[in-house]
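Student: Residue-level listing of the chains:
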Amino acid sequence: MIVAIARKEFLEIVRDGRFKWTAGIMALLLLTAMAAGYQKYSAYMDMQRLSQDKTNAQWLNQGDKNPHAGAHYGNYAFKPAGPLAFFDNGINNYAGTALFMEAHKQNFAIGRPASDQSSIGRFGDLSGAMILQLLMPLLIIFLGFTAFAGERESGALRQVLSMGVSNRQLLWGKALGIGAAVLLIVGLCVAAGGVALSFADLPMENESLGARVALMALAYLLYGVIFLFLTLAVSAWAKNARAALMLLIGFWAFAAFLAPKAAVEISKAAHPTPAFGKWMADMRSHQMRGIDGVPPFARFEQESREIFAGYGADSIAELPVYVGALRLQKFEEYDFPVFEKHYGELRDSYTLQRRLQDRIGIVAPTLPLRSLSMALAGTDLIRHVDFADAAEAHRRDMARKVNDYLGKAAVSLNTGYGGGNVLIADEAVFAIVPPFKFESQGLGAVLAEHSGNFIGLALWLAAALGLALWSARRLKAEEG
Amino acid sequence: MKRIIISHEARQLFRSGAFRALLLLMAGAVAFAAWSGQRSIDRQAEGANAAAAFEDGRRARMREGTEQYQARVLAEGGEYQFASASHSPGAGPPQGTNPGVVGSTTAKYLTLPPTGLASFSIGQSDIQLSYVPVSMNPAMNITRDNELENPVNLMTGSFDIAFVVIFLLPIFILAISYDLLSSEKERGTLAMILAHPISLRELLASKIVARAGVLLAGILALGLAALLAVGASLDQTDTWVRFGLWMAATLLYALFWFALSVLVNVYGRNSAANGIALAGAWLALVVVAPTLVSLLATTLYPAPSRMELTTAARQAQTEAESAYMERLSEYYYDHLELVPEGDGSAMDFLTVAMANRNAVDKAVRPLHDEFQAQLNRQESLVQRFQFISPAIMMQLALNEISGTSADRYEHFLNQAYDFRAEWSEFFTVRFLQRSPLRPADYDQFPVFEHREEPFGAVMTRLLPSLLGMLALLATAIVVPLLRLRRYQVAAT
Numbered sequence: 001m002i003v004a005i006a007r008k009e010f011l012e013i014v015r016d017g018r019f020k021w022t023a024g025i026m027a028l029l030l031l032t033a034m035a036a037g038y039q040k041y042s043a044y045m046d047m048q049r050l051s052q053d054k055t056n057a058q059w060l061n062q063g064d065k066n067p068h069a070g071a072h073y074g075n076y077a078f079k080p081a082g083p084l085a086f087f088d089n090g091i092n093n094y095a096g097t098a099l100f101m102e103a104h105k106q107n108f109a110i111g112r113p114a115s116d117q118s119s120i121g122r123f124g125d126l127s128g129a130m131i132l133q134l135l136m137p138l139l140i141i142f143l144g145f146t147a148f149a150g151e152r153e154s155g156a157l158r159q160v161l162s163m164g165v166s167n168r169q170l171l172w173g174k175a176l177g178i179g180a181a182v183l184l185i186v187g188l189c190v191a192a193g194g195v196a197l198s199f200a201d202l203p204m205e206n207e208s209l210g211a212r213v214a215l216m217a218l219a220y221l222l223y224g225v226i227f228l229f230l231t232l233a234v235s236a237w238a239k240n241a242r243a244a245l246m247l248l249i250g251f252w253a254f255a256a257f258l259a260p261k262a263a264v265e266i267s268k269a270a271h272p273t274p275a276f277g278k279w280m281a282d283m284r285s286h287q288m289r290g291i292d293g294v295p296p297f298a299r300f301e302q303e304s305r306e307i308f309a310g311y312g313a314d315s316i317a318e319l320p321v322y323v324g325a326l327r328l329q330k331f332e333e334y335d336f337p338v339f340e341k342h343y344g345e346l347r348d349s350y351t352l353q354r355r356l357q358d359r360i361g362i363v364a365p366t367l368p369l370r371s372l373s374m375a376l377a378g379t380d381l382i383r384h385v386d387f388a389d390a391a392e393a394h395r396r397d398m399a400r401k402v403n404d405y406l407g408k409a410a411v412s413l414n415t416g417y418g419g420g421n422v423l424i425a426d427e428a429v430f431a432i433v434p435p436f437k438f439e440s441q442g443l444g445a446v447l448a449e450h451s452g453n454f455i456g457l458a459l460w461l462a463a464a465l466g467l468a469l470w471s472a473r474r475l476k477a478e479e480g
Numbered sequence: 001m002k003r004i005i006i007s008h009e010a011r012q013l014f015r016s017g018a019f020r021a022l023l024l025l026m027a028g029a030v031a032f033a034a035w036s037g038q039r040s041i042d043r044q045a046e047g048a049n050a051a052a053a054f055e056d057g058r059r060a061r062m063r064e065g066t067e068q069y070q071a072r073v074l075a076e077g078g079e080y081q082f083a084s085a086s087h088s089p090g091a092g093p094p095q096g097t098n099p100g101v102v103g104s105t106t107a108k109y110l111t112l113p114p115t116g117l118a119s120f121s122i123g124q125s126d127i128q129l130s131y132v133p134v135s136m137n138p139a140m141n142i143t144r145d146n147e148l149e150n151p152v153n154l155m156t157g158s159f160d161i162a163f164v165v166i167f168l169l170p171i172f173i174l175a176i177s178y179d180l181l182s183s184e185k186e187r188g189t190l191a192m193i194l195a196h197p198i199s200l201r202e203l204l205a206s207k208i209v210a211r212a213g214v215l216l217a218g219i220l221a222l223g224l225a226a227l228l229a230v231g232a233s234l235d236q237t238d239t240w241v242r243f244g245l246w247m248a249a250t251l252l253y254a255l256f257w258f259a260l261s262v263l264v265n266v267y268g269r270n271s272a273a274n275g276i277a278l279a280g281a282w283l284a285l286v287v288v289a290p291t292l293v294s295l296l297a298t299t300l301y302p303a304p305s306r307m308e309l310t311t312a313a314r315q316a317q318t319e320a321e322s323a324y325m326e327r328l329s330e331y332y333y334d335h336l337e338l339v340p341e342g343d344g345s346a347m348d349f350l351t352v353a354m355a356n357r358n359a360v361d362k363a364v365r366p367l368h369d370e371f372q373a374q375l376n377r378q379e380s381l382v383q384r385f386q387f388i389s390p391a392i393m394m395q396l397a398l399n400e401i402s403g404t405s406a407d408r409y410e411h412f413l414n415q416a417y418d419f420r421a422e423w424s425e426f427f428t429v430r431f432l433q434r435s436p437l438r439p440a441d442y443d444q445f446p447v448f449e450h451r452e453e454p455f456g457a458v459m460t461r462l463l464p465s466l467l468g469m470l471a472l473l474a475t476a477i478v479v480p481l482l483r484l485r486r487y488q489v490a491a492t
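From first to last, the protein sequence lines stand for chains A and B. Under the numbering used here, think of the first position of the first sequence as 1, with each following residue one higher. Under the numbering used here, think of the first position of the second sequence as 1, with each following residue one higher.
Simulated from the structure, these hints should not be mistaken for laboratory data. Glycine included, every Cβ here is placed at the ideal spot set by N, Cα and C. Take these hints with a grain of salt, some might be off.
[Claimed, not checked] Short, incomplete list of chain B residues facing chain A, as computed with Cβ under 7 Å:
(1) 152
(2) 157
(3) 485
Can you build the whole structure from these sequences, using the hints too?
Tutor: In structure tokens form, the structure reads like this:
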């Protein structure tokens, strides 16, 4: 019986001229979005690899100079886009792409594509994820809002129920029929896109791509089914088709547009991020006065006896390493806790904001889905933080290696002055710093952080299903 | 008869629970948006003040150093000298005497003042810093820093009044008007009403007047309330002119959606079909069209990658360094009158660094200009294609009215570039002449004063959007008028 109902529902939808139009538009948008996404993604990745190779070569061939000047020249880390960025570009337009790694300073990733775009870009990117997050629910609503309410108005519901079909069978049948129609459009397009992309050359080592795609599909499936059951629930419960439609569209607009923005503002108020100027002034003042209130120069003076003793020396003359290099390295290290505090607090505020937004997902299923989708695509905050951490680790390693080299090479300066010109490093010296390499924490970290969002979607599914069963049970065959 | 219908319709509206809930929702959304817009503007101001205070404070301490030094020189005799650039504190003249050090290690923060309506439309001001550092460093550094904001939040966008107007207001309007005629027809009351001495056109007009009246009053009240709550500089005409423009744009936009609803209604489909058509139109115009235009702009005129710019700048830097002797003489060639006697002292680190910076700046300039040119091409494409969606026109218009548009920002940046030239010149000349800064010189530093664009320029950019919406509105009004004759009153 359920299959018969599903078949009837499916055929009725598919034969409707409106379905052909909506399906056509939806398919066109989805394919355009995927093609554009892929084109941007591959152009970005080509540029990223090319730029990274170029700056790595620039680091080596920066010319013969003082090694410390070489560390000032530094190197850049360019952020790879994330394994499924062509489907969901996530925060990539709004997070920096290039991070300058230099002596003395931790930097932010700069070059946010959004600031190099027209303000219209803020309406959002046309991406596969955007279509599925925003348009797919509306498609489900359009196809399903008449399921019960429409048949009640036409009297068909009364007939069907008189044939001994249970309400529950009717619900399952309709869910299957409509679900099949939606899958026909969305599934086909996604599959076509997937097949096309599998022929493209995507650089994806160690990214557990298969698991990511499977989890992504699961998340979107859950999301679609949530809207499907909500639609059926409202259609069964509402007075008429018109009221069902209005209610559903209202909920869709709330979940997809209003709730995410409101969640952002609420999370910003709950976990405020300082303005750049304030943050910068605080951090640099902190750097100048030192982490525990002793400025770097004074601290080095205070600690110098101890530091020298570490080398078994009483005076500069006895030091086995150049004191200037030692001081440079100590100054680097004095700044670490300052950077960790200020960058850390900033990062924490971002993470707390995102978590709060995810929790607000309890009122709008789009929120957990969106967060999950970005995380699985590798275009989320976790990946960005990983990248910044990797760059900072590289920066510290670079400074330390260069200072170590300088310490050993220029030890003669401890006793005699005027030998500044011997402080020249060349390509062979700069090669002691290995090229920057970025590896993300991988899927495990994503799942650990986002298990709550899967639970959120599951809760929504349970609620939608419960609501649908409840309204189906008290389904009335006639109006009033 | 018309008056009866109008007052009946208005009363009906206010009595309906759904309408009251919607009205409350709108009021709540405006209040929330005003609150968050205000927070955003306050945060910017806090950042601008802290950054300026930090850098001014550093200069003030340098000045103190020179004051102490001057007193010491006066007391002990000797010459007021020029310190060479150094990182470590020493006994000689303080760093504050060296114009090169002051000009390149401290920055002057320039602020783009928010307009009275800035909190109405955040625009790009959550990405682009509204306060930029100017020093002798390369011009590129002026735009190097971004405002700090969680990228997740940037992606989602602000819940500002522009969002309420562009996204939510149409939904509100469509919700109260999608079944303007169809509901009467479905209940069968339409034929009955038309049995009275009133034409369909008059009936429609009365219904529209009732709803539009409620709507306009609502917008005016909410807009005014928002202005009084979070608007700034209410004593200035500029603010009120901007508010007038905001009102005009919002009314045009609201009326367009209203007209669209009427347009769909006169085709005589049932309420559910009208609802679908209007929801689809909203989706197409507000959500899909802007992303398509944006996609078109970035595909046709892709901005050269920032990565490319970065690697090119480094290439230039390496070349500059490898040829620095040459660069140095070229640099002095530009400032021939300033070559110090016995040249040797000119070879210090700071001079070389400045010469390098100069070379990098020159080498990167063409790339940077190309970058900017490509962005301008994107922007002008968006300007041309804005007419396909009232939402795009409205976003551009509201950014323009609130003073958060790309053009106003560029106008500000150009002033910053000019000021950088002035600031650099001031310190470069004194540095190359090895003329030490005295405490009194600190009062002579160039001062920045932001010049607002002439209002005509704002209007020139605003007008196409407003006229575009007017044209769209006119179309949406004329079609139903022509179509109405063929409306079937009774359900078939």
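Student: Tell me the numbers of any earlier hints that the structure contravenes, in ascending order.
Tutor: 3
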